[in-house]
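Numbering (my numbering), first residue to last: 1 to 614.
In short, the hints are calculated from the structure, not lab data. Just to be clear, a hint being listed does not mean it is correct.
As the list claims (entries may be wrong) - Here are the computed lysine-lysine pairs in the BS3-like style, where the Cα-Cα straight-line distance is at most 25 Å:
1) K220 to K485
2) K53 to K83
3) K35 to K378
4) K53 to K80
5) K52 to K83
6) K52 to K80
7) K52 to K241
Stated by the list, open to error - Here are the computed distance ranges between Cβ atoms for each label pair:
8) R347 to N468: 33 to 39 Å
9) G369 to G551: 49 to 55 Å
10) L612 to D127: 45 to 51 Å
11) K52 to L612: 29 to 35 Å
12) D128 to G500: 17 to 23 Å
13) T582 to E489: 26 to 32 Å
All values derive from a computational prediction rather than experimental measurement. Note that beta-carbon positions come from the ideal geometry of N, C-alpha and C, so glycine has one too.
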Amino acid sequence: MKRLRFLLAGIWLTVAVTVLVAKPVDDPASLANIKDVRITHLDLHLDVDFEKKVLRGHVTLSLNNLTGTDTLILDSRGLKIQKVTTGESGQPVQYSLGEYVLHLGRPLQILITPETEMVTVYYETSDDAGALQWCSPEQTAGGSAPFLYSQSQFIEARSWIPLQDSPGVRMTYSATITVPKGYLALMAAENRQTIDSSGIYHFEMPQPIPSYLMALAVGKLEYRVLGERAGVYAEPALVEKAAREFSGTGKMVKVAEDLYGPYQWEQFDILTLPPSFPFGGMENPRLTFATPTIITGDRSLVSVIAHELAHAWSGNLVTNATWNDFWLNEGFTTYFERRITEATKGRAYASMLTKLDYDGLQAAVQRIGPENSATALKREYGARDPADFYNWIPYVKGMFFLRMLEEEFGRRRFDAFLEDYFKTHRFQSVTTEGFLEYLREHLLNNNSALERELYIREWIYEPGIPANCPVVSSPELERVANNAKQYLEETDASVIDTSGWTARHWDYFFSRLPDTLSMEQMAVLDEAFGLTESANARIQREWYQLAIHSGYGKAYTAIREYLLTVGRISLIRPVYRALASTKVGAARAQLIYESAKSGYHPMTREAIERVLGP
Numbered sequence: 001m002k003r004l005r006f007l008l009a010g011i012w013l014t015v016a017v018t019v020l021v022a023k024p025v026d027d028p029a030s031l032a033n034i035k036d037v038r039i040t041h042l043d044l045h046l047d048v049d050f051e052k053k054v055l056r057g058h059v060t061l062s063l064n065n066l067t068g069t070d071t072l073i074l075d076s077r078g079l080k081i082q083k084v085t086t087g088e089s090g091q092p093v094q095y096s097l098g099e100y101v102l103h104l105g106r107p108l109q110i111l112i113t114p115e116t117e118m119v120t121v122y123y124e125t126s127d128d129a130g131a132l133q134w135c136s137p138e139q140t141a142g143g144s145a146p147f148l149y150s151q152s153q154f155i156e157a158r159s160w161i162p163l164q165d166s167p168g169v170r171m172t173y174s175a176t177i178t179v180p181k182g183y184l185a186l187m188a189a190e191n192r193q194t195i196d197s198s199g200i201y202h203f204e205m206p207q208p209i210p211s212y213l214m215a216l217a218v219g220k221l222e223y224r225v226l227g228e229r230a231g232v233y234a235e236p237a238l239v240e241k242a243a244r245e246f247s248g249t250g251k252m253v254k255v256a257e258d259l260y261g262p263y264q265w266e267q268f269d270i271l272t273l274p275p276s277f278p279f280g281g282m283e284n285p286r287l288t289f290a291t292p293t294i295i296t297g298d299r300s301l302v303s304v305i306a307h308e309l310a311h312a313w314s315g316n317l318v319t320n321a322t323w324n325d326f327w328l329n330e331g332f333t334t335y336f337e338r339r340i341t342e343a344t345k346g347r348a349y350a351s352m353l354t355k356l357d358y359d360g361l362q363a364a365v366q367r368i369g370p371e372n373s374a375t376a377l378k379r380e381y382g383a384r385d386p387a388d389f390y391n392w393i394p395y396v397k398g399m400f401f402l403r404m405l406e407e408e409f410g411r412r413r414f415d416a417f418l419e420d421y422f423k424t425h426r427f428q429s430v431t432t433e434g435f436l437e438y439l440r441e442h443l444l445n446n447n448s449a450l451e452r453e454l455y456i457r458e459w460i461y462e463p464g465i466p467a468n469c470p471v472v473s474s475p476e477l478e479r480v481a482n483n484a485k486q487y488l489e490e491t492d493a494s495v496i497d498t499s500g501w502t503a504r505h506w507d508y509f510f511s512r513l514p515d516t517l518s519m520e521q522m523a524v525l526d527e528a529f530g531l532t533e534s535a536n537a538r539i540q541r542e543w544y545q546l547a548i549h550s551g552y553g554k555a556y557t558a559i560r561e562y563l564l565t566v567g568r569i570s571l572i573r574p575v576y577r578a579l580a581s582t583k584v585g586a587a588r589a590q591l592i593y594e595s596a597k598s599g600y601h602p603m604t605r606e607a608i609e610r611v612l613g614p
């Protein structure tokens with residue numbers, strides 16, 4: 001048991017946290033024997049080699065042998081194992097790497113005894129480790145120094161650390177990372193705010209976390225304070241812009257605490273990554289990773305930060321036990337994000353986002369298929385990479401499930417239920433069935449008739465959208481729709497009132513236009529609003545798709561530059577898909593991709609190659 005100190009609402013409190021070993025659950029995405037033995041603490045020592053693009057060193061794992069097994073099996077992928085020892089004396093032991101399993105890697109099998117409490121693995125990563133993005137200087141904002149960052153979700157932690165790569169296993173960790181002098185190293189842990197001249201950095205994460213939240217970044221970075229418990233790291237060329245964009249972060253933390261209880265991680269910092277980062281954000285505890293594409297100058301895309309902050313409760317504090325239960329992370333977080341947005345930006349804006357979510361859910365279900373099991377909340381991935389089946393269903397259908405419960409029981413009662421759920425299960429991993437058991441006992445009062453009336457089973461296990469999905473409306477979007485209609489009738493940009501518009505308004509405006517416009521219609525829009533040269537990546541995504549389908553050649557140079565400089569999957573995949581819809585466009589897309597792919601994250605390359613084909 002560790003004694004932790006949390007700064008909660010400005011008061012220091014002492015809280016006891018135990019690494020809880022929950023009832024073992026099979027995880028088809030892990031090769032580790034997590035039902036037999038559990039890692040409780042990880043001590044990592046790594047050197048960062050930018051020249052060879054590898055990490056090398058060792059990791060010491062503290063064990064809880066649940067069944068007295070004589071074998072520890074760890075997940076690994078592409079790791080070069082040098083030796084394995086046990087105990088503080090470092091006694092060498094036998095180990096072997098099993099056969100490669102598609103997607104999952106190779107099991108590292110280590111001979112132990114029932115009394116073994118500590119195992120140390122000496123290893124080196126491969127230069128193509130799936131979790132690690134080694135950015136050249138040209139791929140950074142500053143353009144003068146390389147940059148390294150990790151992305152461990154979903155099952156990529158095993159490509160840079162041999163461990164039990166399952167969200168059902170939680171552990172504390174410490175680390176010592178050695179980097180070239182003049183660089184700042186950061187982890188999802190307690191961090192320095194300035195460069196250490198020695199190049200040696202020490203880290204502690206006293207709260208138990210799952211493996212997918214292990215995170216590392218190394219670069220030429222500076223720090224700016226955003227509030228009592230918040231700050232931002234970024235390259236010098238971006239740090240002031242980032243600080244202005246995220247200036248409301250401290251307020252967000254307070255709003256989140258008012259909703260669902262104390263923030264349990266002391267500090268909420270943001271790291272602005274190079275453009276190749278494949279996602280909008282990643283909720284690494286204490287150090288959210290964020291794409292620079294949300295830095296727009298008008299704070300219109302900071303809902304990404306609200307989302308990652310919400311994960312401090314739903315995902316980081318209470319975690320899905322397996323990736324089959326992914327909706328427990330993302331559905332809860334999307335609901336929580338909307339509540340933060342409502343408190344910080346008003347109900348009208350939050351309603352607008354929810355209406356966009358509703359339309360997006362309807363479209364996604366139709367695209368995937370209303371009878372397709374991929375539209376169910378609880379999934380069965382089997383021994384496959386969950387990233388291959390990533391879509392927005394867990395996020396948005398999960399959010400509407402919770403919104404349905406809110407409307408049924410009232411916001412006050414539902415908020416109390418959620419706060420108790422987070423408090424009861426803090427620092428634990430939960431299955432869908434575990435949540436449903438808690439829901440029945442603490443909200444439904446074990447009323448099976450009410451459970452059927454609310455279509456609980458249909459929401460969780462069946463495809464499609466249940467009949468009692470909340471219906472939402474937005475006067476804001478109705479105004480945008482009227483603007484689009486009038487423009488199509490008159491081809492006059494003056495009829496479009498963009499006062500107060502954000503990127504999300506533009507999203508909806510484009511969605512109300514036909515797939516193609518005339519050259520005159522395109523030119524009038526572009527001249528009035530400078531869409532081709534927009535600095536907002538989300539507006540660019542929508543405009544460039546329309547430009548491609550309409551044959552608006554003026555945008556092609558900008559489209560190429562966009563695809564060369566942005567690596568966020570959700571922003572560039574639709575543009576590649578639009579290009580690939582014609583034979584000429586597909587050839588153009590392939591040429592652009594050949595130039596761009598070296599700057600993309602491995603996850604991004606895989607996603608785009610699926611669009612473009614062989």
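Hints versus structure:
no. : hint                     : in the structure
1   : K220 to K485             : violated, 49 Å
2   : K53 to K83               : holds, 21 Å
3   : K35 to K378              : holds, 22 Å
4   : K53 to K80               : holds, 14 Å
5   : K52 to K83               : holds, 21 Å
6   : K52 to K80               : holds, 14 Å
7   : K52 to K241              : violated, 32 Å
8   : R347 to N468: 33 to 39 Å : violated, 22 Å
9   : G369 to G551: 49 to 55 Å : violated, 31 Å
10  : L612 to D127: 45 to 51 Å : violated, 24 Å
11  : K52 to L612: 29 to 35 Å  : holds, 30 Å
12  : D128 to G500: 17 to 23 Å : violated, 46 Å
13  : T582 to E489: 26 to 32 Å : holds, 29 Å
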